[in-house]
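Novice: So the protein lines, in turn, are chains A and B. Every letter in the first sequence is one number past the one before it in the numbering used here, and letter 271, counting from 1, is 271. Every letter in the second sequence is one number past the one before it in the numbering used here, and letter 255, counting from 1, is 255.
Everything labelled a hint here was simulated from the structure, so no lab data went into it. All C-beta atoms in this analysis are idealised placements derived from N, C-alpha and C, irrespective of residue type, glycine included. Some hints here could point you the wrong way.
[As the list claims (entries may be wrong)] Beta-carbon label-pair distances, calculated as ranges:
#	chain 1	residue 1	chain 2	residue 2	range
1	B	7	A	115	25 to 31 Å
2	B	41	A	158	54 to 60 Å
3	A	59	B	190	55 to 61 Å
4	A	59	B	252	20 to 26 Å
5	B	224	A	115	55 to 61 Å
[To be verified] Calculated lysine-lysine pairs in the DSSO-like style (CA-CA distance at most 30 Å, straight line):
#	chain 1	residue 1	chain 2	residue 2
6	A	135	B	21
7	B	21	B	87
8	B	87	A	135
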Amino acid sequence: MAAIEVDGLVKSHKGFEAVGGVSFTVGEGEVFALLGRNGAGKTTTVEVLAGFQRADAGTVRVLGLDPVKDRAQVRGRTGIMLQEAGFFPDLTVAQTVDAWRDFVSAPRPRGEALELAGLTAKAGTKVRQLSGGEKRRLDLALAVLNRPDVLFLDEPTTGMDPEARQRTWEVVRDLARRGTTVLLTTHYLEEAQRLASDMAVMDSGRIVASGGMAETLAARAGRVAFELPDGVSPGGLPVPVASVEGRTAVCRVADPDLAAQALLGWAGERGLRLRGLEVRTATLEDLFLDLAAGEGALAKAEAP
Amino acid sequence: MSVRDLAVVTRFGGRLYWRDKVALSTSVALSLGLGIGMPLLMDRLGQGDPEFLVGTHVGVLVMILTIATFNQIAVTFTARRDQLLLKRMRATGLGDREILGGEIGNLVVQTTLLAAVVSVALYALTGLPVPRNPLLYLAAVVAGTAVLCLLGTAFTAAVPRTEVAGVMAMPFFLLAGVASGGFGPLLELLPGWVGAVLGLLPTEAVADLARTAYAADGSLAGDLRAAAVPVLVLAGWAAFGLLATARWFRWEPRRS
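The task is simple: from the sequences and hints, build the whole structure.
Specialist: Below, the structure written as structure tokens:
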């Protein structure tokens, strides 16, 4: 059974259509990333899924239940990390977790929740003294307090330092391994690529690309970049150059390994060196740039 | 409605209340100062006539009840709404009724305690008599504070942002004071219809019930008859508060 089903979701705010007919499903235990720029409709989608807003049209099911009508049941089995929500500033981290333990059924012990979010050392600190990243971690601790079957993470690592971000990713991976379904929205493409097995890209309230992460990226062009040797013009290379950024030539090719071999062979024959050579398969960033450039390559990115 | 969750939120609200030393000292000091100070002053000025004392005491009491419930909950819920704390509480398994009802329960308990401290202090320090029907007095305070909390909750829908919540709630405190005589016999200076209209305020229903409870003569049957109209008024306000909350209460700040 799908843990999350969205079919033809439409949601407007005062005449502005924030989400215009979005459909996707997330299987049990999957990590699904919802990507897009600010204002693409990601947060509205999550808020409808979490039962904070009612869909104008379409159906939304979480664990087979209606998030608005069956809110109590859905909330009991889901965890939500909201993009922005306040804390009681004069409570300490431990007091906040203790209070929230009273608000959910069958909560994790306080120590476990703090450990999981990496906040054990901050237990006695007042919330008002936490940094932005630490508050996000407290948010995570509260979101997983009830050992949810489905976890909604809206921009979970915004404001975190790299170490906290890595730790959060580890937590999400661990929860997913234990069967938790995760729906994640993020600005960080690397985050989505590392965590999610499936994804959808939203733009202006619509899904413009979706599918399995690996398949989608495999279908995209890879990237080979290097410093253009002196006296060589882009036209003289054995591989077509997509762009030149400063001294760096960038090639977009289906098989970047093969292109790199051809380039190295060509350079070797001429006694040239390709400084700063970078070879990589497509990343989400490439997909984003392609979508932004409106290359009409969307069909390629769409899942079968 | 889950009684357990209601109790959990009430207890949580109580903890926050007792932790907040600044709010605690100012609100409690103000309430005690006003609630005890005014009748004490009247008593010391030699106007020790028990009936007059009861009038002053009840008049001032409904004013502090208004501040401690209607004004307090309007500010609390507006602030929690705007800081997205209500939203965060909604993200747990708590139901909407428990989140609001729990805080209302908290303020009813705090304010009833406050009224008890004020009353007992006056019995000890002045010639104010103990109510003839203490149960009716207690019921008036508890029901009155609950209704005022409900109305304050509904009122937040009209408050655009936290900074103005206190000021916007202030006229209701003033009206309560004018109607109850807490500011002195102002009604005597105003046209009769003003008194008749203000008599419909929930605070006046509480004051009527309290005066009945304090009245030197009376019987249980007489008290019940005298309580009928104020109870109906309170029930009407409670129904209005519930409907208005269900219809207009906002859990999040306006987006635009």
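Novice: Take a look at whether the Cβ-Cβ distance between residue 59 (chain A) and residue 190 (chain B) falls inside 55 to 61 Å.
Specialist: Holds, at about 59 Å.
Novice: Residue 59 (chain A) and residue 252 (chain B), beta-carbon distance inside 20 to 26 Å?
Specialist: holds, 24 Å
Novice: Residue 41 (chain B) and residue 158 (chain A), beta-carbon distance inside 54 to 60 Å?
Specialist: holds, 57 Å
Novice: Can you let me know if the beta-carbon spacing of residue 224 (chain B) and residue 115 (chain A) is within 55 to 61 Å?
Specialist: With a Cβ separation near 60 Å, residue 224 (chain B) and residue 115 (chain A) satisfy 55 to 61 Å, so the hint holds.
Novice: Taking only the CA atoms, is the gap from residue 21 (chain B) to residue 87 (chain B) under or equal to 30 Å?
Specialist: Holds, because 26 Å separates the two Cα atoms, which is no more than 30 Å.
Novice: Are the Cα atoms of residue 135 (chain A) and residue 21 (chain B) separated by 30 Å or less?
Specialist: holds, 24 Å
Novice: Starting from the hint 25 to 31 Å, judge whether the C-beta atoms of residue 7 (chain B) and residue 115 (chain A) obey it.
Specialist: holds, 29 Å
Novice: Taken at face value, is the distance from the CA of residue 135 (chain A) to the CA of residue 87 (chain B) at most 30 Å?
Specialist: holds, 16 Å
Of the numbered hints given earlier, the model fails none.
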